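Let chain W serve as the given structure and place chain H on it in line with the hints.
2 protein chains.
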Amino acid sequence: MSQDRLAIHTITTKAWDLPTAVKKYAAANVPGIGVWRQWLDGRPLTESKALLDDHNIKPASLVRGGFFPGLTETERQAALDDNRSALDEAAAIGANQVVLVCGAKPELSLPENRKQITEGIAACIDHAASLGVKLAIEPLHPMYSDCRSAINTIGQCNDIIDQLGDAHIGIAADVYHIWWDPQLEQEIQRAGKRIIGFHVCDWLTPTTDFLNDRGLMGEGCIDIKYIRTLVEAAGFVGPIEVEIFSDRHWARDPDEFLTDIIDAYEKHVLSDSALKPPKH
Amino acid sequence: MSQDRLAIHTITTKAWDLPTAVKKYAAANVPGIGVWRQWLDGRPLTESKALLDDHNIKPASLVRGGFFPGLTETERQAALDDNRSALDEAAAIGANQVVLVCGAKPELSLPENRKQITEGIAACIDHAASLGVKLAIEPLHPMYSDCRSAINTIGQCNDIIDQLGDAHIGIAADVYHIWWDPQLEQEIQRAGKRIIGFHVCDWLTPTTDFLNDRGLMGEGCIDIKYIRTLVEAAGFVGPIEVEIFSDRHWARDPDEFLTDIIDAYEKHVLSDSALKPPKH
Chain W
1 MSQDRLAIHT
11 ITTKAWDLPT
21 AVKKYAAANV
31 PGIGVWRQWL
41 DGRPLTESKA
51 LLDDHNIKPA
61 SLVRGGFFPG
71 LTETERQAAL
81 DDNRSALDEA
91 AAIGANQVVL
101 VCGAKPELSL
111 PENRKQITEG
121 IAACIDHAAS
131 LGVKLAIEPL
141 HPMYSDCRSA
151 INTIGQCNDI
161 IDQLGDAHIG
171 IAADVYHIWW
181 DPQLEQEIQR
191 AGKRIIGFHV
201 CDWLTPTTDF
211 LNDRGLMGEG
221 CIDIKYIRTL
231 VEAAGFVGPI
241 EVEIFSDRHW
251 ARDPDEFLTD
261 IIDAYEKHVL
271 SDSALKPPKH
Chain H
281 MSQDRLAIHT
291 ITTKAWDLPT
301 AVKKYAAANV
311 PGIGVWRQWL
321 DGRPLTESKA
331 LLDDHNIKPA
341 SLVRGGFFPG
351 LTETERQAAL
361 DDNRSALDEA
371 AAIGANQVVL
381 VCGAKPELSL
391 PENRKQITEG
401 IAACIDHAAS
411 LGVKLAIEPL
421 HPMYSDCRSA
431 INTIGQCNDI
441 IDQLGDAHIG
451 IAADVYHIWW
461 DPQLEQEIQR
471 AGKRIIGFHV
481 CDWLTPTTDF
491 LNDRGLMGEG
501 CIDIKYIRTL
511 VEAAGFVGPI
521 EVEIFSDRHW
531 ARDPDEFLTD
541 IIDAYEKHVL
551 SDSALKPPKH
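The listed protein sequences derive, respectively, from chains W and H. Residue numbers in the first sequence follow the working numbering, run continuously in steps of one, and reach 280 at the last position. Residue numbers in the second sequence follow the working numbering, run continuously in steps of one, and reach 560 at the last position.
Treat each hint with caution, since some may be false.
[As the list claims (entries may be wrong)] Partner residues aside, some chain W positions facing chain H, computed with beta carbon under 7 Å:
no., residue
1, Pro106
2, Ser145
3, Asp146
4, Asp223
No wet-lab data here; the hints were simulated from the structure. Treat the numbers as computed from the prediction; the structure is a model and nothing was measured. Note that beta-carbon positions come from the ideal geometry of N, C-alpha and C, so glycine has one too.
The shape of chain W in the complex, shown without the other chains (with noise of 0.2 Å):
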């Protein structure tokens, strides 16, 4: 079954809340959800993980944690604090990883920033070893250097690891974010196994906002199906996460959008699946 590893993020399909999204995602034979926090808010976490249990569909991942960085100790603290929640709902649930948005504050330097993401991600181990649940960076695009992450590259995914370890440490790569890198290839290879994670959606062209014009694949201009074979290539087997933010796309019928979500992931994901040189 072609669908077998496909998974929805929540925040994809914004307008349905956890037991919505469960019931609309296993009517279509989607089996895979990367939950978002806020879509647990409302009911303790033995219930949400029931409703996922009951549909048969599998968590991929919990989203979201990091955003390290902060302008004073105590702000620091509360980070590793929310940290740690995140890793004990991502285990409640039962998803096997914890994405990581780094943060960066724009009052700190480039390099303050990475030292305080590189010791929050280190302070987290613990916890996360304690529970079984690995943490997964995700390098974000460059436009969000100054206040989202300042982990911008596979490769420096790949530097923090070298320096804190892998056995409780990988990398979600978010086509969104590292197509245009032109150290891709090496650093994929690089990281092999490291990455546990891949996202897809489509980069615009224009894009007219900095965070909710993603499209869906197929709409853009990234080879999609050429980095699934990259990450494959470095040994990545897990489920394929459709991440899309999009007022545009959010603002359609969401049954028709999971439809078409679908019919895109077949069609600009999977489709190809030989390791070959990008299109053209």
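Chain H only, in chain W's frame:
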């Protein structure tokens, strides 16, 4: 005199045509100018040169050539013709470099865009050599990888110049495009005297427009002085070009904006010239 390396791009003071700009810059003791090609329209090149000479304003650069990738041979040939014209214009007004925004077509793969860019630059070398004008490759921020430039890092510029030689090709380093790069230090060092242009502005948080929401130096999070010390340590001694696209500043009184530019240049670009760790 502390302004002796200051140059301003005509687009920065967009409301002023070339005669007005040179008069205003001269009156404010701004000795350099980055001439956008549109500012040469409507009069003979000799007349534009006379305007600069009469006010003792030195052109730091002609902006811009590039946009090499094309979907057809005809389109690629037109780009080459246009780049050769840009080189002619630079020579005519006494500018020693044409800044290249290399281009990208979302319909083409990144490797194909990059191949066409390298071929395009190569095809202009002889003409550049005959005029004594350099081709200054400007790496653009990765948020422009889809349709403005598939050359996004100093590292890529170095790779191209390794391949094509540095006799007639250099690098224009704009802090807006390169500040986030985790390999900035090593690639600027690798570039050395290949860096023939240095452009300044700032990155705003939040940035609300992909093109026209740049900040005046000091308004954003870029450690401009630090990057200046890096390029100077690599051997750069040329003009420092202020290039700001900003609907907000363009809506202001241009005389007041010019005063602020000079003030920001002294405060946030020039002072503390010794190489030191970035701010915290």
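Cross-check of the supplied hints:
| no. | hint | verdict |
| --- | --- | --- |
| 1 | Pro106 | holds, 4 Å |
| 2 | Ser145 | holds, 4 Å |
| 3 | Asp146 | holds, 5 Å |
| 4 | Asp223 | holds, 6 Å |
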